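Q: Letter by letter, the chains look like this.
4 protein chains.
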Amino acid sequence: MIKAAVIGATGYAGQELVRILSSHPQVSIQALTSRSYAGKKYEEVYSNYSHLDYSCEEENIEELAENCDVIFLALPHGVTSKAVNENILSKCKIIDLGADFRLSDVETYEKWYTTHYSKDILKEAVYGLCEIHRDEIKGKRIVGNPGCYTTCSILSLYPLVKEKMIDVNSIIIDAKSGATGAGRGLSLPNHYCELNESVKAYKIANHRHTPEIEEQLSLAAGEEVVLNFTPHLMPMDRGILATCYANLKGNYSYEDIEKVYKKYYENEYFIRLCKKGTFPETKWVKASNFVDIGFTVDERTKRVIVIGAIDNLFKGAAGQAVQNMNILFGLDEKTGIDHVPVFPA
Amino acid sequence: MIKAAVIGATGYAGQELVRILSSHPQVSIQALTSRSYAGKKYEEVYSNYSHLDYSCEEENIEELAENCDVIFLALPHGVTSKAVNENILSKCKIIDLGADFRLSDVETYEKWYTTHYSKDILKEAVYGLCEIHRDEIKGKRIVGNPGCYTTCSILSLYPLVKEKMIDVNSIIIDAKSGATGAGRGLSLPNHYCELNESVKAYKIANHRHTPEIEEQLSLAAGEEVVLNFTPHLMPMDRGILATCYANLKGNYSYEDIEKVYKKYYENEYFIRLCKKGTFPETKWVKASNFVDIGFTVDERTKRVIVIGAIDNLFKGAAGQAVQNMNILFGLDEKTGIDHVPVFPA
Amino acid sequence: MIKAAVIGATGYAGQELVRILSSHPQVSIQALTSRSYAGKKYEEVYSNYSHLDYSCEEENIEELAENCDVIFLALPHGVTSKAVNENILSKCKIIDLGADFRLSDVETYEKWYTTHYSKDILKEAVYGLCEIHRDEIKGKRIVGNPGCYTTCSILSLYPLVKEKMIDVNSIIIDAKSGATGAGRGLSLPNHYCELNESVKAYKIANHRHTPEIEEQLSLAAGEEVVLNFTPHLMPMDRGILATCYANLKGNYSYEDIEKVYKKYYENEYFIRLCKKGTFPETKWVKASNFVDIGFTVDERTKRVIVIGAIDNLFKGAAGQAVQNMNILFGLDEKTGIDHVPVFPA
Amino acid sequence: MIKAAVIGATGYAGQELVRILSSHPQVSIQALTSRSYAGKKYEEVYSNYSHLDYSCEEENIEELAENCDVIFLALPHGVTSKAVNENILSKCKIIDLGADFRLSDVETYEKWYTTHYSKDILKEAVYGLCEIHRDEIKGKRIVGNPGCYTTCSILSLYPLVKEKMIDVNSIIIDAKSGATGAGRGLSLPNHYCELNESVKAYKIANHRHTPEIEEQLSLAAGEEVVLNFTPHLMPMDRGILATCYANLKGNYSYEDIEKVYKKYYENEYFIRLCKKGTFPETKWVKASNFVDIGFTVDERTKRVIVIGAIDNLFKGAAGQAVQNMNILFGLDEKTGIDHVPVFPA
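Protein chains in written order, with this note's numbering: chain A, 1 to 345; chain B, 1 to 345; chain C, 1 to 345; chain D, 1 to 345.
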């Protein structure tokens, strides 16, 4: 059994991770920590756990590293880069669900976020987008688990960028997310009556997932990609839909594009390509690790429109973190996360 | 492996059953049938299954009985009582998610529903409310799987009725259900904009789950129980909350009542009693087999108020059906249905 | 023109009042006050007002009384009873949307709420349930505007209680409210993902609207009424549905009951009696001052079930406050509040 | 009083029109017609009208033209172009809420829709986007009332296109709509549990509002505009948000762009420009005729992002139709449609 701890277990992503780990056949949960709820029963924080005797502990990563094979961190950015060190890494694997180990470029990180406190460790971290970096993840000590919007956006566009079929300066990603993406912290915009029955864009042209998408797509393109990413908040709990637009560099047909998506994804269990004429809807991936991708060619505008859908808490956070753990520990990648999406929900 | 078939696999309850069975470690799905979608891929009906190669077949129960250990029926009432016969029962177990084998009293059935076409078989059927009839279920050939409202209502009141602590003529059950309870069939009241952002009562004083609750509570009481049951439709997908009122027959304290609930339910894995001062919310049982129950004594009115919550598609239908299967086949009752509730969802 | 001010204009009820007053043909808004937002543009608090040049002022009731004909108070309980005095009342009318002037019995008030600071004024206050106390309201200086749950509950049961057709000790009111009833203040239970897709009961057997319903129904009955009132929170913005149960004192038919509802309500513009076999749904009264009432007789249990529906912010708060103002100032009672309910919304 | 009739009064847009007209101070409703519900009380179709004695009549436009000053048509496309003729137009004004008189180019109409049966009349019809074509509307006999998506999209981009500040070949409009946009007709995708808690794109690259947006923007640009328009369905009742992207043709600052929006819209009562750094949300325009517009310049990509929000049933259909009527009859344009948006709702 893999001995695992979750640091920051009481946010929505942390809780989803606890839920997944609690039924993972190869995992034994060693500790759940929470700064706000230390000393409380986990069921007092999340009553869906009232049949389980879990508790929230104080956060002590050094100590946990002694007894754990893997530690998942679900902490605010800037906090993780302070919390991780060589001593910890020498004892156990780290999978960070936050932003601190996602961007390989420190300068970009510090421009969009804050000071980075473990630049050396950043160098060895791997970006845990499993379908793209699987081989690099194996053997690593620390994984930067991708963001929710970024997982959906990068996977939607990767084959086209990699195969240079689109003008990378023309990319526009219009993304829609459920409210769990905004977390459990109280704020007026996330108050029920304020968020319900309305839709809005936010952090227009300055959302922090932008550089993460750009870095990964630049890597794939072999040239710098600068793009527009606009997140929107939907009145629903879970799910991200990314509607991606790009100018085609050639006179490509639907079948040409389908061919490259199959090339990269046909054998990827968690990526499901939609049949021609059908497109993803967030309801079909709920509470699952699947990424649904569909596309069309607009012959009038010579653009391709690619649509991707994921569950932001699952493939966009906790599920992918466990997928990374499975890779790190040599398990079948699907272990413990091969759930049929829950519907209707 | 238990070879199982689902008849009527394309309704919401049928689909939930397929979802649960597909990850049940002791089950192999032999066939999914559908009158409306025979010949289609299951993923065309439910795209959450696009990674699985399931198909909808024509319904042929006689033939399936040859190759299956258990057949789940999710058909409209009146249809099942025609479809089942001695030949089928001699070959495989039947678990009926419909209403045809729930009421032991034929007259009551025919008054509230329609003609019953297999009265002999009805006599041997058992009412599959696992926590109450577990021992009678073992060894049976046919199980009438309880209704959603009824599961929640009966379990909420059973200890008080059994122990004669309440006046059984004073029982009022005010129940609230999510829209999956209304099924997938199209109708104006279930059109999105008609159901959204509104609440209503329906089938007031004449809902068909009433006699089912009454028969079971009468059995427990040892006297005839006639009660009020009022269902309400909520703007949400899943979940039932039953708010139950009854006059106390004595000067019982909270602790007196707690004692009897513990007597009956303390060792029931799927029943979770709320701590004093806390009450169920449907969100804490979503996509799970749990029944959460809380209560209070109103000293001003000498009434007890008991509140129960379940997921109508899971414990209220498909999950309990699998629980019944586990009992019939001698498996650990939790096998394949021991899911932590999904939250937020 | 009636010169009006709103004290506490930035809660949901306050805002609804501002919305109604802004289009009332006989009202000129003199001031909107807010403790939290004084000095801010009203549109910064509610962007639906971005075409209007309203501002939030500091609260100074004494000063406003000099220039206003009527002051609406939408303040927390306990605050209003301190804020009102003889000097103010000698200059302008007061309509209090809070709880401080609803209960005529001080002892009851202080038991369920807090110390009352203006007991003398309480004596002259009238309970502003327009359809029942219309004649007493005329000429009064101060009106206690009824609560949302209470408006719906009392109007639903009044004719039956008044005509002594039901056993007043058997009354159970199971009420369901949209989330605006919980106000704009932040709290975890009202965070979007916590409230969405779930239903719960709260303040079971101890909600503060209980004594208000009891006092009014006792008054109508001519005897003390003690009842059960259980509020539930629904995942929707607006609307209250009250499902009321009571034992009939005689062998009354539907038509007997219809007759008394018609006796009291046939000429009430804002009360709409449902046709036999139909029942209220909250969607049909949204953003309006209407009260829809339907009922049935359950011959099996000898109970009557009455269902009432209102918009909690409109008839349950701001709309009724304006209705009271219309009565106080001798206007047609419908003036400015005769809106067809908005649907779908 | 203007005598008005509504043909097709039982769809969502028709009903919204009835609601608005019923409180319009200068309108007297002569008739409501419905093919499906002729002979029924209007309240049987929409119970929010149970206090009003409206009925649904058979459709007889010729006869109504004799007695009406204006007839509003809310019929499916292809039906209206058959129903209108010179005789009718010689007697009363026609405002068509459908698509038949929106596109001036017959060929485009027939390519995207169906055969047009009154091409001569089409020539004299005016496109009723009030803020842009106000002067042309005056005196006309027939108005093609704009579509919901188109109203929002065109008004969002018009100043930039008119002033040639953007590359018209780079326009991408990613639009999000509430479910009322899909109408009241039953279909599985609009069944509550299918639409709730999910988001999807639909009619990608082939939605019929595309040519309408293109024709109007081409007219403004003085050159042919071909663009991408992608509609999305949101789990909410009302509201459209259009997120529009375009490449700037020069090095324009926020203030440069603000200047042209003010040039065109500063005096438009129903267009509200958001302050710098703030953006529209559909909740702030609900049940109102307002169009909220906000924008930002992305200096990294040299694109402008403009976001517009309307209520699809009000400004996107019924409200604008009444605004057109007000123009046609020389009334103050705001008459009867100057509602503060309803919030929360």
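Some hints could be false.
Since the list gives no way to pick out one identical chain from another, each pair is judged satisfied if it fits inside one copy or across any two copies.
Mimicking BS3-like on lysine-lysine, the simulated pairs with C-alpha atoms at most 30 Å apart in a straight line are [said to hold, decoys possible]:
| # | residue 1 | residue 2 |
| --- | --- | --- |
| 1 | Lys162 | Lys263 |
| 2 | Lys123 | Lys41 |
| 3 | Lys275 | Lys111 |
| 4 | Lys262 | Lys82 |
| 5 | Lys259 | Lys119 |
Since the hints were made in silico from the structure, they are not lab data.
Being a predicted model, the structure only gives us computed values, none of them experimental.
Q: Looking back at the hints listed earlier, which ones does the structure fail to meet?
A: Failing hints, ascending: 2, 4, 5.
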